[in-house]
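Chains as they are written, first to last, in my numbering: chain H, 1 to 384; chain C, 1 to 311; chain F, 1 to 357.
Hints in this document: simulated from the structure, not taken from any laboratory. What you are looking at is a predicted structure, and each value in this text was computed from that prediction instead of being measured. A virtual CB, placed ideally from N, CA and C, is assigned to each residue, including glycine. Be careful, since some hints might not be right.
In silico negatives: residues of chain C with every beta carbon more than 12 angstroms from chain F [as the list claims (entries may be wrong)]: (1) Pro16; (2) Gln83; (3) Gly250.
The calculated lysine-lysine pairs, modelled on DSSO-like cross-linking and capped at a C-alpha distance of 30 angstroms, are [claimed, not checked]: (4) F:Lys158 <-> H:Lys358; (5) C:Lys212 <-> F:Lys158; (6) F:Lys158 <-> H:Lys334; (7) H:Lys371 <-> H:Lys266.
Just so you have them, the derived chain F footprint on chain H, three or more residues with Cβ under 8 angstroms [claimed, not checked]: (8) 66–76; (9) 270–283.
Residues per chain are reported as follows:
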Amino acid sequence: MPKLVGIKDLIVRFYTYEGVVKALEGVNLDIEEGETLGLVGETGSGKSVTAFSIMLLVPPPGKIESGKILFREQGKMLNLVEQGEEFMRKIRGDSISMIFQEPSAALNPVYTVYDQISESFWIHRREELIKEVLKKLESEIEDAKRRRQGFRKWVLEQEVKIYAKMLKNPSSLQVRACQKIPFIKNFRKRLESEMRKRVVEILRDMEIPNPEGVADRYPHELSGGMQQRVVIAMALACSPKLLIADEPTTSLDVTVEAQILDLIRKLKREYGSSVLFITHDLGIIAEMCDRVGVMYAGNIVELANVREIFENPLHPYTIALLEAIPSPRAKRLKPIEGTIPSLVDPPPGCRFHPRCSKRMDICSKIKPELKEVRKKHWVACHLY
Amino acid sequence: MKRQTRWQRFKTNIQPRIKELKFSLRRIRGSPLSIVGIAIILFFAIIAILAPVLAPPEYPDKPYRIPRDGFSPTPRPPSEKHQFGTTEGQFDIYYGVIWGTRTAFTVALMVVGATVVIGIILGSIAGYYGGIIDEIIMRITDIFFAFPHLILAMAFVTAFGASLDSVMKALILVWWPSYARLIRAEVLTVREEDYVEAAKSIGSSDFRIIVKHVLPNSIYPILVMASLDMGAVVLVAAALSFLGLGAPVGYADWGQMASFSRNWIVGPPGEPLAYWYTVVIPGLFIFFFVLGWNLLGDAFRDILDPKLRRR
Amino acid sequence: MSPVLGDNMSVLMETQRLKKYFPITGGVFKRRVGDVRAVDGVNIAIDRGECFSLVGESGCGKTTLGKTMIRLLDPTEGHIFFDVPEDIKNEISRLENSNGGQERLKALLHQYDLAKLKGKALRKMRRRMQIVYQDPTSSLNPRMLVKDIVGEPLIVHKISSGAEVEERVLQLLYKVGLTEDHMLRYPHEFSGGQRQRIAIARALATNPDFVVLDEPTSAIDVSVRAQILNLLQDLRRDFNLTYLFITHDLNVVRYIADKVAVMYLGKIVEMAEKKEMFRKTLHPYSRALLSSIPVPDPEAKRKRIVLSGEVPSPVNPPPGCRFEPRCPYAKERCKKEMPPLEEMKGGHFVACYYPLM
């Protein structure tokens with residue numbers, strides 16, 4: 001499958017009072033079209049930072065120091081790091097979308113569901129919508145001509161003029177003025193009915209019961225699961241190529257989580273997007289993902305097919321992680337000694353070596369590179 | 001663990017608080033305006049402390065009586081004898097503003113100190129217990145809030161009889177509701193925190209919970225508001241003195257000095273700024289005092305805001 | 001009728017028909033228009049030394065039940081018997097079912113019913129029961145040093161004073177795997193796992209018998225979770241503690257619990273020994289819950305039962321079985337009457353008219 005995203009040697013640092021936090025130290029990752037890639041790691045592993053970096057939304061005091069983020073847009077692989085803010089704004093919400101852990105935090109409490117989803121449409125699909133409206137207007141004008149309704153025809157032609165202006169330059173003075181004047185501003189009704197149609201359609205796609213009613217609700221009137229569906233609706237409104245899901249079910253109940261995961265799987269098939277699924281829950285990874293990347297302290301330590309990872313984990317951290325999860329057979333959990341290292345002053349060489357049961361001399365000196373050790377199975381460890 | 005002397009234990013226990021203090025100081029260093037504010041306040045504090053040295057009193061047992069050099073109503077410009085000139089009635093302006101600094105600090109500290117204490121007590125009780133106690137206290141504060149600060153203060157002072165003490169009492173009565181409200185709002189939030197409930201589960205008494213858990217976490221906005229109010233109180237006190245409701249005639253107080261200049265703000269035609277020193281000099285002292293505290297209040301807010309702290 | 005599991009002499013904590021309602025006020029005069037029935041008649045018996053796990057989703061009332069049991073919330077109705085001898089309990093239920101002896105009944109309840117205790121007596125009881133919260137960040141006072149946080153219970157109950165407090169605090173910290181350096185620091189200087197250890201140390205300060213653990217590992221990283229779970233196991237063994245382990249993570253339950261109870265909308269729907277619960281789940285909700293947990297095995301062919309709808313709010317619940325609206329097996333009878341919690345066999349209790357055999 002062709003590559004959709006290619007991250008090469010990404011280095012991201014945060015300049016804080018306590019020191020320079022070396023969040024990502026040379027991350028290499030590829031996402032193919034149509035696949036679900038899981039990113040597993042704990043706090044400080046850098047998985048969220050990676051996600052934010054793809055959208056170039058790393059919050060200050062963070063900075064992308066170096067590296068490439070290649071994204072296939074309009075047939076070419078573009079390095080997003082080099083693109084300007086204008087370009088990125090077009091990409092975000094349109095080609096790449098993100099859903100977050102806390103749906104109540106991602107939704108603006110003072111706007112209805114309709115307002116928030118339609119915003120996405122308005123920003124990215126404006127031309128399409130206006131053209132739809134214009135087409136309808138044309139046919140109505142024809143109809144008016146036939147019925148010899150002169151006045152109606154004249155009104156419709158005025159509307160056509162305003163919409164044409166909106167198409168060319170939506171923030172022109174004329175357009176903005178027309179939106180304020182009492183009777184004239186009714187022309188917006190057509191546009192809004194178009195948008196409403198789309199919004200209700202996408203809410204229905206999310207398996208939200210009573211989509212028309214929900215569209216007019218405020219976020220606080222919905223339950224957690226519904227809110228998350230709305231957030232997903234916002235993200236998928238413009239059929240993005242890449243959907244980044246950052247722990248989308250962590251704050252939801254187990255039964256609701258099951259529903260949401262099913263939904264994401266179904267939508268991925270329908271919309272044909274790739275999904276970057278970030279989580280710390282290995283159970284979800286097993287269920288949802290095609291390939292898995294394991295991250296630790298700012299590096300990818302293992303990358304393979306989901307089956308490979310569970311059946312043949314190679315990196316000591318992955319192995320330890322699998323042994324630390326409670327499962328029916330475990331008599332006693334084997335915790336991983338030590339704690340996650342400080343990213344301001346990380347251990348030299350391999351960042352996992354202080355906690356690794358299999359460490360060797362070389363591990364504290366040289367940082368291991370990601371190597372293909374088995375077929376399509378990369379590991380960054382000196383054991384191999 | 002070796003047996004440590006009480007002094008050694010004290011030193012080790014203080015360590016973490018010192019660390020936090022150092023962190024705060026670092027943050028102050030980063031904000032130039034706060035340093036300016038601190039400098040201004042220190043400047044005034046030094047003047048207040050050294051008042052007897054800078055302007056030796058003429059009446060040693062009544063240092064606040066401004067020495068008069070005659071009884072002529074016309075102010076005289078700055079000269080050798082009177083560095084800042086004299087105001088109406090020949091009161092020495094220099095003496096007045098130097099000792100007025102002491103008055104300003106006294107009034108500000110007493111008023112703000114008392115209102116903070118009253119506000120904390122009433123506000124934390126109202127916020128922590130809620131229910132009918134809360135309702136009663138809040139309705140009382142509502143009554144006080146219905147009147148503008150200055151008007152209410154004027155009413156009280158007139159009732160008590162004009163003097164500096166009355167001014168302070170009146171201001172305390174007028175000012176405490178704001179603090180009560182503020183603390184109550186913070187307490188309402190803090191009391192829902194898990195660690196407060198945890199303290200309850202341990203069996204701590206209400207009093208202990210309020211004093212050790214709730215208050216230390218609600219105190220930030222109070223510090224900010226208190227430092228801003230130091231300046232505001234002086235302004236209102238000055239206004240009251242200007243209207244003649246404050247200190248008696250001849251008392252060293254900035255408001256007094258300003259009130260003396262009432263008739264001399266504009267000089268004779270042709271020389272409108274002839275008596276500028278009567279207005280400008282006390283005015284500048286008031287201005288910088290208030291400015292210093294405002295800057296300090298801003299600095300506190302920036303330093304103490306827990307969300308901004310760990311950036 | 002209260003189901004009592006396990007050996008009769010060793011029940012440490014028992015609740016009978018425990019209810020906790022939160023009033024909803026409405027209207028201009030703030031009249032009581034209804035109740036949120038967070039806990040609606042719960043009978044539980046926890047044996048000494050066991051780890052009793054309470055499972056359910058958000059809104060089912062498990063946290064409320066845990067807090068009410070140790071009187072952090074005041075119960076609306078019902079009895080809480082903490083370390084009360086069996087014969088007293090029997091006498092009380094005898095008196096309740098008869099007409100006479102009301103004076104004696106009142107006296108007994110006044111002395112033994114935790115739900116009725118007040119003031120000093122209640123505070124003394126608090127030494128014996130403690131709670132560890134889910135979020136270690138918000139459960140520690142950010143302005144207090146670790147030494148003061150862990151030492152507070154000792155001071156409040158006058159167990160030690162002065163320099164002795166520091167020594168005891170140090171010992172407690174060692175027990176949970178921390179060191180002397182950690183004493184004079186603020187909570188924000190620690191990681192999540194360490195903060196939870198501090199919270200556990202605080203809970204152990206008064207040598208309690210009973211500890212309520214409210215999702216103690218949910219907010220902690222996976223690799224550290226194992227450390228904390230092992231620590232809790234060790235502490236339980238070493239100090240003969242009894243746990244009420246509240247969680248929604250069934251994998252953890254499978255590892256650490258002795259008995260499991262599933263809650264839904266304020267009522268217990270199923271209760272059994274752990275092995276039994278996982279081997280033969282009888283209630284439709286429990287079955288759906290157990291099947292929803294993502295299993296870390298990509299080969300596992302899960303027949304996941306995906307329930308329709310969401311957990312409804314516990315305000316004005318229907319008269320019949322609470323789960324009926326979402327139950328794929330519901331029948332007429334389920335709508336009309338609430339099924340009682342009944343013993344099936346060998347200590348396995350279900351509240352369902354048509355349990356899945």
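Outcome of the hint check:
no.: 1; hint: Pro16; verdict: violated (5 angstroms)
no.: 2; hint: Gln83; verdict: holds (49 angstroms)
no.: 3; hint: Gly250; verdict: holds (49 angstroms)
no.: 4; hint: F:Lys158 <-> H:Lys358; verdict: violated (49 angstroms)
no.: 5; hint: C:Lys212 <-> F:Lys158; verdict: holds (17 angstroms)
no.: 6; hint: F:Lys158 <-> H:Lys334; verdict: violated (39 angstroms)
no.: 7; hint: H:Lys371 <-> H:Lys266; verdict: violated (34 angstroms)
no.: 8; hint: 66–76; verdict: violated (count 0)
no.: 9; hint: 270–283; verdict: holds (count 4)
The structure does not agree with the numbered hints 1, 4, 6, 7, 8 stated previously, though it agrees with the rest.
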